Amino acid sequence: MKKRLIVAITGATGAVYGLGILKQLRAIGGWESHLILSEAGVLNAWQELGLKRKDIEKLADVVYNPRDIGATIASGSFLTQGMVIAPCSMKTLSGVANAYSDNLVTRAADVILKERRRLVLITREAPLNLAHLRNMVSVTEMGGIIFPPVPAFYSKVKDIDGMVNHTVGRILDLFDVQHENIARWEGMRPTKAAKSKKS
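Numbering (our numbering), first residue to last: 3 to 201.
The hints are simulated quantities; they were obtained by calculation from the structure and are not laboratory data. Since we're looking at a predicted model, the values are computed, not measured. Just so you know, not all the hints are guaranteed correct.
[Said to hold, decoys possible] 25 Å max Cα-Cα, derived DSS-like pairs, lysine-lysine:
no., residue 1, residue 2
1, 25, 54
2, 5, 60
3, 56, 25
4, 4, 56
5, 25, 4
6, 116, 5
7, 56, 5
8, 60, 4
9, 5, 25
10, 4, 116
11, 25, 60
12, 116, 25
13, 160, 25
Work out the full structure: start from the sequences and follow the hints.
See the structure below:
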């Protein structure tokens with residue numbers, strides 16, 4: 003039986019992260035992706051990537067209507083490895099932090115938290131106000147993981163695609179998805195000064 007991962011794409015900039023996760027899960031195999039794509043997420047994907055809802059949904063194994071709060075993933079009896087919201091808007095963050103389950107994204111996230119499964123929020127906003135920070139603390143205290151997509155410059159990526167792929171790889175690591183898609187940290191390289199001292 004394939005492992006299941008819920009992927010939600012909401013109305014913050016960075017739809018490319020959600021797409022990257024869906025593409026990698028499909029390429030790796032052994033995983034079943036369950037997608038919730040919000041209306042605002044569709045608008046952002048069109049604005050940023052020129053993609054329509056159908057273009058994104060075809061990358062997932064199972065697709066849900068964000069208004070369908072009676073879907074299988076709205077129940078803790080439906081087994082998954084967890085859920086990632088990529089990107090996660092501040093509205094969605096607030097809904098998760100306050101257990102305000104008015105749509106399938108926040109309901110599914112609430113289920114993940116109550117079942118003590120892994121929830122990762124790829125939060126996209128800057129700068130942050132106090133309400134944002136407090137909501138992040140609340141989610142963290144409940145066991146969720148706040149993951150702003152901060153570039154890892156040590157990976158020496160050459161373009162935006164490289165930065166996105168590295169972040170997607172780090173997200174997949176959190177769910178124990180086996181992949182070889184990122185340059186991993188191998189320790190500090192000795193400086194020229196250090197080398198000359200040794201010689």
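Do the hints match the structure? See the list:
1. 25 <-> 54: Distance ~16 Å between residue 25 and residue 54 Cα, so the pair holds.
2. 5 <-> 60: OK: residue 5 and residue 60 at ~19 Å, within 25 Å.
3. 56 <-> 25: holds (15 Å)
4. 4 <-> 56: holds (24 Å)
5. 25 <-> 4: Distance ~16 Å between residue 25 and residue 4 Cα, so the pair holds.
6. 116 <-> 5: Between residue 116 and residue 5 the Cα gap is close to 19 Å, so the pair holds against 25 Å.
7. 56 <-> 5: holds (24 Å)
8. 60 <-> 4: holds (18 Å)
9. 5 <-> 25: Within the cut-off at roughly 15 Å; holds.
10. 4 <-> 116: holds (23 Å)
11. 25 <-> 60: At roughly 10 Å apart (the allowed maximum being 25 Å), residue 60 and residue 25 satisfy the hint.
12. 116 <-> 25: Cα-Cα ~28 Å, so violated.
13. 160 <-> 25: holds (21 Å)
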